[in-house]
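Using the sequences and the hints given, assemble the complete structure.
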Amino acid sequence: MLYDAIRVLAIAEDEKHRGDLVPHRRTRGDLKAAALLKQRGLWLNCDRRIVGTIPGVEIGDLFFFRMELCVIGLHGRARAGIDYLSASQGSNGEPIATSVIVSGGYEDDVDTGDEIIYTGHGGQDKQNRQCTNQKLECGNLALERSMYYGIEVRVIRGFKYEGSVSGKVYVYDGLYRVVTCWFDVGKSGFGVFKYKLARIENQPEMGSSILRFAQTLRTRPLEARPKGYVSLDLSMKNEKVPVFLFNDVDNNNAPVFYEYLLSTVFPLHVYKHGKNGTGCDCVGDCFDGCFCAVKNGGDFAYEENGILLKGKPVIFECGPDCRCPATCRNRVSQRGVRNRLEVFRSRKTGWGVRSLDLIQAGAFICEYAGIVLTREQAQIFTMNGDSLVYPSRFPDRWAEWGDLTDIFPDYKRPEYPSIPPLDFAMDVSRLRNVACYISHNSNPNALVQPVLYDHDNVSFPHLMLFAMENIPPLREISLDYGIADEWTGKLPMYDK
1 MLYDAIRVLA
11 IAEDEKHRGD
21 LVPHRRTRGD
31 LKAAALLKQR
41 GLWLNCDRRI
51 VGTIPGVEIG
61 DLFFFRMELC
71 VIGLHGRARA
81 GIDYLSASQG
91 SNGEPIATSV
101 IVSGGYEDDV
111 DTGDEIIYTG
121 HGGQDKQNRQ
131 CTNQKLECGN
141 LALERSMYYG
151 IEVRVIRGFK
161 YEGSVSGKVY
171 VYDGLYRVVT
181 CWFDVGKSGF
191 GVFKYKLARI
201 ENQPEMGSSI
211 LRFAQTLRTR
221 PLEARPKGYV
231 SLDLSMKNEK
241 VPVFLFNDVD
251 NNNAPVFYEY
261 LLSTVFPLHV
271 YKHGKNGTGC
281 DCVGDCFDGC
291 FCAVKNGGDF
301 AYEENGILLK
311 GKPVIFECGP
321 DCRCPATCRN
331 RVSQRGVRNR
341 LEVFRSRKTG
351 WGVRSLDLIQ
361 AGAFICEYAG
371 IVLTREQAQI
381 FTMNGDSLVY
391 PSRFPDRWAE
401 WGDLTDIFPD
411 YKRPEYPSIP
421 PLDFAMDVSR
431 LRNVACYISH
441 NSNPNALVQP
451 VLYDHDNVSF
461 PHLMLFAMEN
471 IPPLREISLD
481 YGIADEWTGK
491 LPMYDK
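Oh and the sequence shown: position 87 is 87 in the UniProt record's numbering, straight run, nothing missing.
Derived by calculation from the structure, the hints in this document are not laboratory data. All figures in this text were calculated on a predicted structure; none of them were measured in a lab. Yeah, the Cβ is synthetic: ideal placement off N, Cα and C, and Gly gets one too. Fair warning: there could be bad hints in the mix.
If you anchor each label on the Cβ, the simulated ranges turn out as follows [what the hints assert, rightly or not]:
hint: 1; residue 1: Pro226; residue 2: Asp403; range: 20 to 28 Å
hint: 2; residue 1: Pro420; residue 2: Ala80; range: 29 to 37 Å
hint: 3; residue 1: Asn92; residue 2: Leu232; range: 55 to 63 Å
hint: 4; residue 1: Trp182; residue 2: Thr53; range: 49 to 57 Å
hint: 5; residue 1: Lys160; residue 2: Ala80; range: 15 to 23 Å
hint: 6; residue 1: Gly336; residue 2: Gly105; range: 34 to 42 Å
hint: 7; residue 1: Gln127; residue 2: Ala80; range: 12 to 20 Å
hint: 8; residue 1: Ser209; residue 2: Arg347; range: 16 to 24 Å
hint: 9; residue 1: Trp182; residue 2: Gly336; range: 23 to 31 Å
hint: 10; residue 1: Gly105; residue 2: Ala254; range: 26 to 34 Å
Under the rule of at most 27 Å between Cα atoms (straight-line distance), these lysine-lysine pairs were calculated in the DSSO-like manner [claimed, not checked]:
hint: 11; residue 1: Lys237; residue 2: Lys272
hint: 12; residue 1: Lys295; residue 2: Lys168
hint: 13; residue 1: Lys38; residue 2: Lys187
hint: 14; residue 1: Lys168; residue 2: Lys32
hint: 15; residue 1: Lys168; residue 2: Lys227
This is how it looks when you write it as structure tokens:
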């Protein structure tokens, strides 16, 4: 989370000074973030002698930049495809390979998923064509020694992927063993070392396979999964993209009986409070220093592509009294759902929500919508046993996004005007949206960010959900509801 937050902040900071930068020079936020974290001693798993699984990294985790692989210790070499312990680092005085990146950079590679014919490194020209014989040294020798000692190797696959900020993704696909190696004449007529890697059994499904499967689901869902779909659009075309409903566990189809609610419904008195009829006069995209920027403390909450820069107690988006267009950078959450979400039946949580698209860290997911009730109304509804969600219970995880206290010891968090506690409840017993099926997790991958745009009453913000990390397709989205785990059975996603 920290790496992604720093990366987007670095790019946004350079955007402010774009006129002072070298023309056509692209800001490498990935390198800046990695350098800052390394300078502060915040790289993880820095002991390159780690062989096998990396603590905190799951099969299927994905990354947009190779430098991030270095930051977390998954693959320690920013350029080379083979990471290894040198002879001086190894316990037996011989080099040992720890990980490889399979990205199709060598013309003799063959990848069938569970088995890989991996070409050693070296001997290529700038067009990735083999131009000289490879040598049994460095990473090539390390892979051969890993085969000899039966040591498992981490495999990361890199490939082009739509929706990636870098144009590529790197997916951790688990552990493989080098089962054989040989020296062969490659397609270009030069000698290359080839290694056959076989995936170790009884591991979770490969993340790269899930990515390809999700691509099929987005366009041909019934072909990919002929059984299990209850609805191909739970929102009944209220959302800009369809919300799927999938159940291959039992015959429960309860979500189709709720009326879909596109956005939170507030009492009329909320719109009367603080209504001053003022907005920005921006004709095009809003700019730093405009009326709405000032309302947000002088800085916009989002970068140009709609990624959350820093969490705030409340974000003031442009509203109906602003002259800027709907495409304005300060109207991110009100533009609605943009990723194809799927409500699915879960044996663990009752119902859950996952995306068929890759969701970038800091990206908007959806609103948590319901019918707003006052405290008095909520007490009556509670006695009736109706489903209520209390916004005040959501932890302030927005404060964690863009927090630089771990990077700069003298960093002072911005001071924001105090806002009153959220003293209301949301009724989702009859009308609800996709967010109501998101499950609870004390270590979530999404956060709740209060946002105002259609009124100025800070006591009644919209609850907008943003990703705290890169969320791969088909991985469950989770929130911290601020309750003990044993109370999760009272949440909406557990409704029978």
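Hint check:
1. Pro226 <-> Asp403: 20 to 28 Å: violated, 46 Å
2. Pro420 <-> Ala80: 29 to 37 Å: violated, 55 Å
3. Asn92 <-> Leu232: 55 to 63 Å: holds, 57 Å
4. Trp182 <-> Thr53: 49 to 57 Å: violated, 28 Å
5. Lys160 <-> Ala80: 15 to 23 Å: holds, 20 Å
6. Gly336 <-> Gly105: 34 to 42 Å: Cβ of Gly336 to Cβ of Gly105: about 39 Å, so the range 34 to 42 Å holds.
7. Gln127 <-> Ala80: 12 to 20 Å: holds, 18 Å
8. Ser209 <-> Arg347: 16 to 24 Å: holds, 22 Å
9. Trp182 <-> Gly336: 23 to 31 Å: violated, 55 Å
10. Gly105 <-> Ala254: 26 to 34 Å: Given range 26 to 34 Å: violated, Cβ gap about 49 Å.
11. Lys237 <-> Lys272: violated, 30 Å
12. Lys295 <-> Lys168: violated, 37 Å
13. Lys38 <-> Lys187: Given pair Lys38, Lys187 is violated - Cα atoms ~40 Å apart, limit 27 Å.
14. Lys168 <-> Lys32: Roughly 19 Å separates the two Cα atoms, so the pair holds.
15. Lys168 <-> Lys227: violated, 32 Å
Hint violations for this structure: numbers 1, 2, 4, 9, 10, 11, 12, 13 and 15, all remaining hints satisfied.
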